[in-house]
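K.L.:
Each chain, written out:
Number of protein chains: 4
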Amino acid sequence: MPDLSGADFDVLYQRLRGQAQWGTTDRRGALNHITPGRVAAAASEVRLGRTVTLAAPLASSGPDNPEPAARHMKHLPSEPSEVAGVSFAADQLTMNIHGDVDSHIDALCHVSYHGSLYNGVSPDAVTSQGASELSIEDAHDGIVGRGVLLDIPRVRGVQWLEPGDHVTAADLAAAEAAQQVRVGPGDLLFVRVGHRLRRNQLGPWDVARSRAGLHPQAMEYLAERQVAVLGSDSNSDTAPSLVEGVAFPVHVLAITAMGMYLLDYLQFDDLISHCEAAGRWSFLTVIAPLRLPGGTGSPVNPIAIL
Amino acid sequence: MPDLSGADFDVLYQRLRGQAQWGTTDRRGALNHITPGRVAAAASEVRLGRTVTLAAPLASSGPDNPEPAARHMKHLPSEPSEVAGVSFAADQLTMNIHGDVDSHIDALCHVSYHGSLYNGVSPDAVTSQGASELSIEDAHDGIVGRGVLLDIPRVRGVQWLEPGDHVTAADLAAAEAAQQVRVGPGDLLFVRVGHRLRRNQLGPWDVARSRAGLHPQAMEYLAERQVAVLGSDSNSDTAPSLVEGVAFPVHVLAITAMGMYLLDYLQFDDLISHCEAAGRWSFLTVIAPLRLPGGTGSPVNPIAIL
Amino acid sequence: MPDLSGADFDVLYQRLRGQAQWGTTDRRGALNHITPGRVAAAASEVRLGRTVTLAAPLASSGPDNPEPAARHMKHLPSEPSEVAGVSFAADQLTMNIHGDVDSHIDALCHVSYHGSLYNGVSPDAVTSQGASELSIEDAHDGIVGRGVLLDIPRVRGVQWLEPGDHVTAADLAAAEAAQQVRVGPGDLLFVRVGHRLRRNQLGPWDVARSRAGLHPQAMEYLAERQVAVLGSDSNSDTAPSLVEGVAFPVHVLAITAMGMYLLDYLQFDDLISHCEAAGRWSFLTVIAPLRLPGGTGSPVNPIAIL
Amino acid sequence: MPDLSGADFDVLYQRLRGQAQWGTTDRRGALNHITPGRVAAAASEVRLGRTVTLAAPLASSGPDNPEPAARHMKHLPSEPSEVAGVSFAADQLTMNIHGDVDSHIDALCHVSYHGSLYNGVSPDAVTSQGASELSIEDAHDGIVGRGVLLDIPRVRGVQWLEPGDHVTAADLAAAEAAQQVRVGPGDLLFVRVGHRLRRNQLGPWDVARSRAGLHPQAMEYLAERQVAVLGSDSNSDTAPSLVEGVAFPVHVLAITAMGMYLLDYLQFDDLISHCEAAGRWSFLTVIAPLRLPGGTGSPVNPIAIL
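Note that the protein sequences, when read in sequence, are chains A, B, C and D.
Heads up: the first sequence at position 165 corresponds to 165 in this note's numbering, and the numbers run straight through without jumps.
Heads up: the second sequence at position 255 corresponds to 255 in this note's numbering, and the numbers run straight through without jumps.
Heads up: the third sequence at position 108 corresponds to 108 in this note's numbering, and the numbers run straight through without jumps.
Heads up: the fourth sequence at position 28 corresponds to 28 in this note's numbering, and the numbers run straight through without jumps.
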């Protein structure tokens with residue numbers, strides 16, 4: 001049974017949208033929370049000089065990956081070459097930008113709700129040629145700031161949240177308290193639900209039907225804290241949805257209402273051991289989307305630097 | 001007329017290979033020059049909190065791009081959706097990893113010379129399934145360090161180096177002096193030849209025939225300085241080659257002899273104005289290759305943070 | 001200077017559209033001219049038992065092929081296999097359906113003119129998911145009939161028509177007379193302009209600017225003769241266009257007005273020698289589009305059987 | 001438990017290979033059984049003038065299709081166009097040539113057994129650039145002949161053969177008797193096991209584990225009859241294999257020993273009703289592989305003409 005009626009959700013949507021006030025021509029959304037001063041401060045998070053990936057390797061076909069990415073060889077270095085004195089290994093990549101397993105970032109054109117993209121931009125801005133507005137190119141200089149990881153299974157004392165379970169604002173607050181970190185303005189917030197650990201241990205399942213994520217009302221917490229970006233090891237939305245008649249309410253609230261880029265299907269298991277060893281859950285983070293003109297997002301490998 | 005005979009080149013090759021001594025099982029090559037201490041020091045380069053892309057947008061077909069990348073839409077947000085209450089923009093990407101225009105990084109499996117990849121690894125390690133050794137996955141935690149940009153056209157007082165021209169060790173030293181910066185151990189060295197500015201102003205040309213790059217002997221300078229990574233707005237190799245019988249001598253020296261990742265066809269024109277304004281030519285740099293198991297490289301968007 | 005004003009073209013368009021009367025729900029268009037009786041009669045054209053391709057091999061990149069098809073290997077038979085006792089060669093294909101060099105067929109959804117596809121179908125029938133009407137699946141049982149080749153360079157006494165030149169109804173009549181063949185109801189008409197021979201001998205050029213084809217008024221000749229399908233070794237349209245303000249008038253007339261499938265960039269040079277040897281210019285022809293649901297056309301290899 | 005030991009299989013392999021005697025340079029294999037006279041005779045099979053597809057539409061992802069083909073739109077006709085006066089629908093196709101659901105033909109380079117392709121050709125003839133010998137281009141003029149459909153479920157009085165079941169030479173003889181047709185030299189033999197009907201009715205399953213096909217010894221029957229091509233609605237091989245240590249024995253016997261092109265995952269359900277109505281099980285058949293230089297096969301839509 002959904003937690004939120006469609007009407008209640010729309011009230012929430014309007015409230016969050018009303019807080020995203022950077023002018024009618026704004027295309028950066030919650031990235032506006034990242035200021036030069038905050039970037040410089042985030043750099044001071046680097047103490048150990050350790051770098052860690054927040055992405056997972058490309059996955060092969062499975063119940064959560066019906067159209068897997070493919071990498072094909074174009075030339076093998078063991079073969080004769082047309083080039084003098086040298087032989088190359090070269091390959092080619094074909095992949096969907098979105099999906100339910102490979103780590104990626106959603107651009108602000110990714111979600112239309114009530115006939116509108118972020119900040120009133122018409123969905124017609126996206127044609128077969130791509131997005132003329134709100135494409136991933138709007139983040140071409142990268143997204144750099146202080147990353148904070150909130151590890152919900154850790155604070156709940158479980159290995160992972162079961163599919164269908166959700167993270168509330170209270171969970172976020174409890175994780176902050178347990179981890180002794182406070183999410184603040186311009187932060188890149190990473191919420192771990194344990195999705196990937198479960199996948200590694202039990203194997204993939206049909207996540208379109210059953211997936212842990214955030215409760216839509218938890219987005220108010222992110223708005224209050226002026227979070228710049230949200231990433232998760234799931235896609236932040238639960239399945240089934242907690243909202244009547246709206247399948248991806250967190251996507252709608254984050255991207256369309258708040259102008260907040262989402263990072264889906266990240267991998268935090270490498271990062272956790274570094275955080276635990278350091279006794280710290282914040283770090284400099286650099287997200288470098290590919291420069292895909294008109295693109296609705298990008299595969300990414302966010303790098304945490306402790 | 002080539003500057004270097006094949007025999008002289010092999011002497012150079014052996015000398016540089018002999019300096020890359022990290023053990024027979026090493027797979028990181030010149031990345032070994034990047035230590036945690038150097039990463040932490042590089043973070044202190046961040047002062048302004050400004051971030052800048054070092055990549056160019058995906059290019060369309062042209063004389064330097066006979067097999068262009070393609071981005072196709074999978075769903076438009078203006079169209080009815082099968083998902084309740086929301087409509088998505090989604091797309092798909094097909095691209096060659098290497099080539100002569102899109103910004104990318106070469107993994108250490110990319111080049112075979114004299115029947116060997118870096119550090120004696122057999123070219124047979126690369127099959128139709130990809131590279132079982134020396135793939136781009138070896139850099140999955142990102143490449144982070146102090147970036148230094150040496151702007152050769154600036155020190156020479158020209159807009160760009162003409163195709164076929166080359167950068168010598170003396171050019172690098174002159175640029176260091178003029179820019180008041182010194183390349184040191186673990187640095188990510190970016191050498192600008194003006195390739196992209198020329199392309200933007202005069203249009204693309206057949207760069208396989210005619211291209212500015214580094215003189216192969218300049219690689220000794222990089223070895224002495226213990227550079228970790230080399231990037232250029234061309235592919236670092238001149239065309240025609242300056243070496244008799246070897247088409248890509250800088251690729252061979254950097255990747256196969258020195259174990260040095262190359263970044264090809266970067267874009268420094270955005271960065272230059274930041275550097276000039278700041279009066280500094282060094283900055284924190286984060287390179288985040290995609291996690292492509294078996295891959296020979298990756299498209300990248302390196303981010304400089306000043 | 002165009003031969004036809006926009007207004008004159010519209011008169012021609014309406015006249016040809018008016019002759020295509022198979023009811024408001026028809027989706028087969030000129031294929032209706034092919035009756036079982038005519039298929040059976042076409043089979044009697046087979047006398048020698050010789051089969052000939054009317055397609056060219058996939059082309060590589062060139063001025064007429066800015067986004068070339070690619071075929072990549074997935075497994076090599078010389079490599080160890082996960083399959084017991086056997087090793088496979090396998091590959092993968094990526095290609096645009098249309099373009100200016102690879103042999104293909106255009107489905108009836110391919111062209112919209114004055115806001116309409118063939119027979120008043122809305123262009124909105126084609127979305128990012130493909131064509132819900134008039135897709136190539138409408139020809140899934142193949143197109144089989146009597147093929148007739150009219151060789152215009154032959155009757156004109158030239159090697160090929162120069163780019164920009166056009167074939168008139170008089171040319172078609174002259175070729176019929178010279179070749180002693182008469183195009184009739186349900187025939188698959190192939191008009192050779194010599195495009196591919198010129199390409200083979202002089203190399204590719206930018207055909208988007210300069211291309212031999214049919215004069216738009218020649219389509220009246222095809223309508224009178226009740227031709228079922230038109231194929232050419234160019235794309236049947238001249239460049240520049242002979243019609244003011246309409247870039248592909250033959251495509252518009254054939255596909256949108258007449259409901260006639262077009263076959264573009266076929267290859268007749270193999271066929272000619274067979275026809276000359278046999279002293280006949282008609283033959284059984286089988287066109288077998290791939291079964292691509294929603295597709296706007298298909299790569300094809302039409303087979304002539306003499 | 002396998003029916004055939006590895007040693008017995010090798011005896012069978014050698015015997016069938018010994019019967020394929022068209023000289024050391026032959027690359028056509030069993031296509032040699034198709035003579036011009038037989039093509040001409042096959043044309044006389046056309047009586048009704050009806051054409052029928054033997055292919056299925058491209059399938060989407062499923063347990064038998066882990067890497068599905070994709071068709072993406074490049075332009076929609078409802079969108080503004082850069083072309084004067086007209087707007088196009090255009091798309092792009094990406095697909096694996098082989099696999100377990102889409103109808104395709106296997107070229108003679110597809111299978112290596114005991115370190116050899118057909119007729120002693122080295123597997124090294126296939127590199128990352130494709131097959132330099134035995135590619136699908138060897139069939140570029142199409143494969144045309146008399147097709148004969150043997151419907152095994154019909155003669156057995158079942159809807160379909162259950163996965164794992166196999167067709168014996170006795171089954172083939174029984175079907176011939178029941179259908180009053182005799183397979184002869186140069187025929188294109190189609191053996192229906194009911195795979196596709198089962199898939200349509202029960203949904204897809206993991207056919208790599210469990211699949212109906214031919215018993216390897218039935219290939220002797222095909223050799224005696226001098227069959228030119230074998231097609232099935234499965235891939236002709238059972239799963240699990242009936243041969244100890246050889247996963248695809250029919251592929252090995254047909255392609256490598258006999259030089260016989262295989263057509264996998266065809267669709268006969270449309271054809272059956274035509275055959276039943278006509279009371280005949282033979283027909284003219286045209287197979288038109290795409291012209292894919294170096295290709296290991298091709299998607300196909302074989303057309304039967306009754």
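If you are wondering where the hints come from, they were derived from the structure by calculation, not from laboratory data.
Keep in mind that a hint or two might mislead.
Which copy? The list can't say, so a pair holds if one copy fits it or any two copies do.
Stated by the list, open to error - The calculated SDA-like cross-link candidates involving lysine to any residue, where the alpha carbons are at most 25 Å apart (straight line), are:
1. K74 <-> R47
2. K74 <-> P36
3. K74 <-> A59
4. K74 <-> G115
5. K74 <-> S60
6. K74 <-> G245
7. K74 <-> S87
8. K74 <-> D124
9. K74 <-> P57
10. K74 <-> S122
K.L.:
Hints first: check each against the structure and report whether it holds.
P.N.:
Hints and how they fare:
no. : hint         : result
1   : K74 <-> R47  : neither (42 Å within a copy, 43 Å between copies)
2   : K74 <-> P36  : neither (42 Å within a copy, 36 Å between copies)
3   : K74 <-> A59  : both (21 Å within a copy, 17 Å between copies)
4   : K74 <-> G115 : between (43 Å within a copy, 18 Å between copies)
5   : K74 <-> S60  : both (20 Å within a copy, 14 Å between copies)
6   : K74 <-> G245 : between (46 Å within a copy, 23 Å between copies)
7   : K74 <-> S87  : both (12 Å within a copy, 20 Å between copies)
8   : K74 <-> D124 : between (37 Å within a copy, 15 Å between copies)
9   : K74 <-> P57  : both (21 Å within a copy, 19 Å between copies)
10  : K74 <-> S122 : between (40 Å within a copy, 18 Å between copies)
In this structure, the hints that do not hold are numbers 1, 2, in rising order.
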